[in-house]
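Number of protein chains: 2
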Amino acid sequence: MEGEKADKGIKFKKSENFSEWYTDVIIRSEFVDYSSVSGMMVLRPDSYFLWEQIMNVTDRLLKENGVTNTAFPILIPERLLQKEAKHIEHFKAEVAWVTHGGDSELEERLAIRPTSETIMYESVAKWVRSWRDLPMKLNQWNSVVRWEFKHPTPFLRTREFHWNEGHSIYATEEETIRERDVILGIYEHVLKDYLALPCIVGRKTEQEKFAGGVASYSIEQLMPDGWAIQGPDWHFDGQNFAKVFNIEFLDKDGKKALAWQSTYAISTRVLGALIATHGDDRGLVIPPMMSRIQVVVVPIYKTDNRDKVIKAAMVVASEIGKKSRVHLDDRDDVSPGWKFNEWELKGVPLRIEIGERDINEGKVVAARRDTLEKTDIKIDAVGKESQKLLKNIQKSMYKRAVNLMKSMRSTAYSYASMKSALEVKKGFVLAPWCGSDECENKIKEETGAKITNMPLDQQNKLKGNCIYCGKQAKHMANFAKSY
Amino acid sequence: MEGEKADKGIKFKKSENFSEWYTDVIIRSEFVDYSSVSGMMVLRPDSYFLWEQIMNVTDRLLKENGVTNTAFPILIPERLLQKEAKHIEHFKAEVAWVTHGGDSELEERLAIRPTSETIMYESVAKWVRSWRDLPMKLNQWNSVVRWEFKHPTPFLRTREFHWNEGHSIYATEEETIRERDVILGIYEHVLKDYLALPCIVGRKTEQEKFAGGVASYSIEQLMPDGWAIQGPDWHFDGQNFAKVFNIEFLDKDGKKALAWQSTYAISTRVLGALIATHGDDRGLVIPPMMSRIQVVVVPIYKTDNRDKVIKAAMVVASEIGKKSRVHLDDRDDVSPGWKFNEWELKGVPLRIEIGERDINEGKVVAARRDTLEKTDIKIDAVGKESQKLLKNIQKSMYKRAVNLMKSMRSTAYSYASMKSALEVKKGFVLAPWCGSDECENKIKEETGAKITNMPLDQQNKLKGNCIYCGKQAKHMANFAKSY
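Listed in order, the protein sequences are those of chains H and E.
Using this note's numbering, read the first sequence as starting at 11 and increasing by one per residue.
Using this note's numbering, read the second sequence as starting at 11 and increasing by one per residue.
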């Protein structure tokens, strides 16, 4: 038993060696696994359940907003992918090419979709004829392949990832732009209220925007090592793709007009931020809203009182199960302590322990995964109290993450203080920037920090001169080292 | 307007030219579309919604049965795919091969999954260690690619299709086999009660079984041209893959044992059967349980009474919307007649018409899509009555399909009567068969009919000698021409 226990133990401390800790914990907890395809991973049941939760809530909100789901082919002909110059320029280095069907060489190479703009918009051009067909809000949930050559990290950089790709077509620019806050609002809601992750929302710079679009907006998360990671995004495509793919319609006056478009996505990458933000040296910590098992009941018994304890544990589990996803761990061949370690490793938010003495005292012990606190709760109230605890855990996990984020954010009005903030506080430094590619690149070169995004609300924040060149600043920008 | 209307009209009659009707109706109704990848189609919102409904109900039932979802890589290394000889033998002619990542040639070709046994079982072999890890009931919802060279037909034969692939690993043969009726029961429920499709359940012959498995069981549907189409299936894999992939575990006695496995799937192909079975010369007919729009409300008005009628229609739609998925078609620029045609083409199960005279009489007109019958219903009871009608439509669509199926089934005890049944009644002929490949092949060669499957309950049915060779029959078998 000791051997098994040791085998499950995490070998690294999060605070000492974050990146080793990260991969160690997600493999050992049976959350994901490597596969025999380099750079591609397996989402095991616990992690895929999280992704399903994200899909379910996001999908419901998108549908309430008039979005309809579709499925376009997984393969895209090379000539189609090449239609938008900047778009192919960005993606061509990382396209996986299909060249053969069975033994036959294909006449034209086909790309596994790195993203589906080109194949979707070719169809959309056929479908959109009149203003009556608009807006057309299409979406798909699928996986895409991008043949990254950098070192892969589960969730953060993999050659296949899962996402939604929303593609909207509007009659006017105003309507398109109005969509931005709706979509980013949905994503923010999912991240904050389900994944317990704070969000930094803002606009990407010209150099960092989506290839082929006009403007990009992102939600950035912060990893505990102080590095930023880009989460969901929304892109304003203007009429760029409409021009190339000829997406025209007859407007209300019977005149030909060019459509306006947007694109947006949330991906499995957010699960990387979730693990990194909430996990600790004992393993994963999954927010209650997201966890496949929300409460695990662990009976504590010996041979002579087994029946009595198991019976009581079953009643407790069934009571909790009325409102929560519960699991009764009644395995006889591992000890309670072993079970505690295992469920802590897997990050189940709440553990209920019940032994004979507890039963006699009419109580159970509730152990929170987030704080590791233990409290007694009355058996009679176990359903209600565990519900309350789960809500509490969800809330306080978010609060803790917000505080962590706050402790790693600063504002700087000089290059020296920005560099020192990056050293000391790590994380995000908000600083005035002149808007030039040159300053952006120089700062990145010299400090390793890039502009992740620029806050949407600039009016109340813009102050000072560009920290690099000293010229008039155009934007306040969030600088951070970034995955 | 007339021009538009004509454009929407279906050019073929279902009874006269089924296959032209089939593709015409699913394109014109905007259900699916062709894409620029030959053999791959686009699932537009109405068809994808149907697939989502199938996924939702099936997934819920699978989860109740202890199945957990996962996501394995989309690509499979060639060496892995080759591990099971019969398996690769079957699939190699239709594998889409990825040979390049960006500009780099890969060291080893990667197949886009035609099915995921090989990549999944490699992981499973690592995960399964003890009897405590079993059963392991894994599933994924994804799409697969099989590079068919035959003429593609939307849903029935395409180079990409969507499905679930369930893969279970058990400790014993008995448990594995017990799963069969659970899974086939779930699929039958989905087909009958949601898609309104009757099912012929049975075992596949040795020649028709899944490549690499021990025994296959299928649910067959009947197309209106009398051809069978295979629907969902369940495969008993025995220990074949376990041997090849080394899926071993320590049993309760601490001894090494080899695992037992099964595989099962339902695919978008069933949508082909749904369209073919229920559609008519006016277009699609979608069963109420499956339709994205269940009730469409069409107001009938002129300029001078528009406001009054629209207002009443909104009240009606809101009342119906409390229980059903409703759409109010308040477009001003197309006539009610045009709208009727369009919604009939799209197969919306129930249409509510409301004009000024109806309002004055306190009623609306309800038009059923399946029978095209019109009845008056009281405005006060429009919610309840439309609910009732939808249930009624669902039921009678299934009944009609059952009757159609019955009219195309027969039993034959001689080769002559079988051939005549195939001529006259088309559809399925149940006949005694000796069990030899030779007779099976000869019959197929001479009549075009293959053995789709053999009823599970043989005891009460087996009678007579093999219709081809006259020897003792071993099975009653369903013969049919098959897609």
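The hints are simulated quantities; they were obtained by calculation from the structure and are not laboratory data.
Any given hint might turn out to be false.
The list makes no distinction among identical chains, and a pair is therefore deemed to hold if it is satisfied within one copy or across any two copies.
Here are the simulated lysine-lysine pairs, DSS-like style, with alpha carbons at most 27 Å apart [claimed, not checked]:
(1) K136 with K318
(2) K333 with K73
(3) K136 with K332
(4) K349 with K136
(5) K96 with K481
(6) K349 with K21
(7) K484 with K321
Structure-based check of each hint:
For the homomeric pair K136 and K318, neither the shortest alpha-carbon distance inside one copy (69 Å) nor that between copies (37 Å) is at most 27 Å. Taking identical chains as interchangeable, the C-alpha atoms of K333 and K73 lie at most 27 Å apart whether they share a chain (26 Å) or sit on different chains (17 Å). When the C-alpha separation of K136 and K332 is checked against a cutoff of 27 Å, the pair qualifies neither within a copy, at 50 Å, nor between copies, at 35 Å. For a Cα distance limit of 27 Å, the shortest separation of K349 from K136 across copies, 21 Å, qualifies, whereas the shortest one inside one copy, 58 Å, does not.
When the C-alpha separation of K96 and K481 is checked against a cutoff of 27 Å, the pair qualifies neither within a copy, at 30 Å, nor between copies, at 71 Å. Only within a single protomer do K349 and K21 lie at most 27 Å apart by alpha-carbon distance; the minimum there is 19 Å, versus 67 Å between protomers. Within a single copy, K484 and K321 get their C-alpha atoms no closer than 68 Å, and across copies no closer than 51 Å, so neither meets the 27 Å cut-off.
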